[in-house]
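S.K.: Each chain is listed here by its residues.
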Amino acid sequence: GDSVTQMEGPVTLSEEAFLTINCTYTATGYPSLFWYVQYPGEGLQLLLKATKADDKGSNKGFEATYRKETTSFHLEKGSVQVSDSAVYFCALKSGGSNYKLTFGKGTLLTVNP
Amino acid sequence: KAGVTQTPRYLIKTRGQQVTLSCSPISGHRSVSWYQQTPGQGLQFLFEYFSETQRNKGNFPGRFSGRQFSNSRSEMNVSTLELGDSALYLCASGQGGVAFFGQGTRLTVV
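Top to bottom, those sequences are chains D and P.
Residue numbering for the first sequence follows the numbering used here, beginning at 958 and increasing consecutively.
Residue numbering for the second sequence follows the numbering used here, beginning at 66 and increasing consecutively.
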């Protein structure tokens, strides 16, 4: 079945540091890949997505590239801010019109001033 | 457009009781899916409804059930509550290949 493995953390960085959160997946066919972010006490917000190999998703300075050869979708940001502190989830949706998402365990990011 | 709305935000129930959670999707979205989030198991898929029909189901016992109405609003029901059902329950509505989540209902079973 489908599965997502991501770096569990926690990750603690200083403001303006470079961020990488690793995510690899197992799926049949050609899934769509997502990063969601969850702030304390809230639901999930879509951060970025990619629907096919070599696509790069980007939003708010975050980027991730869909790498089919390494089955990876690593999240990166060049310079993190205190406001980026949150839990980040990597997720996949297998092909088809359904909306069944498989999530990684989440990575807690704390950015200190 | 208004986002996904879940009610109530917080619930406290006693073991053995049942509970119903509600979800109103983004206007025009016909798919509604439900997830359970716990510290130990993370985010787990419960089920998905599309046009009032259950399209997918996760690996949960039959105590967990759901339905969708003709206006796409959805409810999920948990009967005979157990302490382990304490969790954040998230609803998502989907369109264009993307799922948009509500803020969740925090259920505490005592």
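Derived by calculation from the structure, the hints in this document are not laboratory data.
Small disclaimer: the values here were computed from a predicted structure and weren't measured.
Every residue, glycine too, gets a C-beta built ideally from N, C-alpha and C.
Be careful, since some hints might not be right.
Unchecked claim - Covered stretches of chain D, as calculated for chain P (at least 3 residues, CB under 8 Å):
#, stretch
1, 971-980
2, 1003-1015
To be verified - With a cut-off of at most 25 Å between alpha-carbon atoms, the simulated BS3-like pairs for lysine-lysine come out as follows:
#, chain 1, residue 1, chain 2, residue 2
3, P, K66, D, K1062
4, D, K1017, P, K66
5, D, K1062, D, K1034
S.K.: What hint numbers does the structure not satisfy?
M.R.: When the structure is compared with the hints, numbers 1, 3 turn out to be violated.
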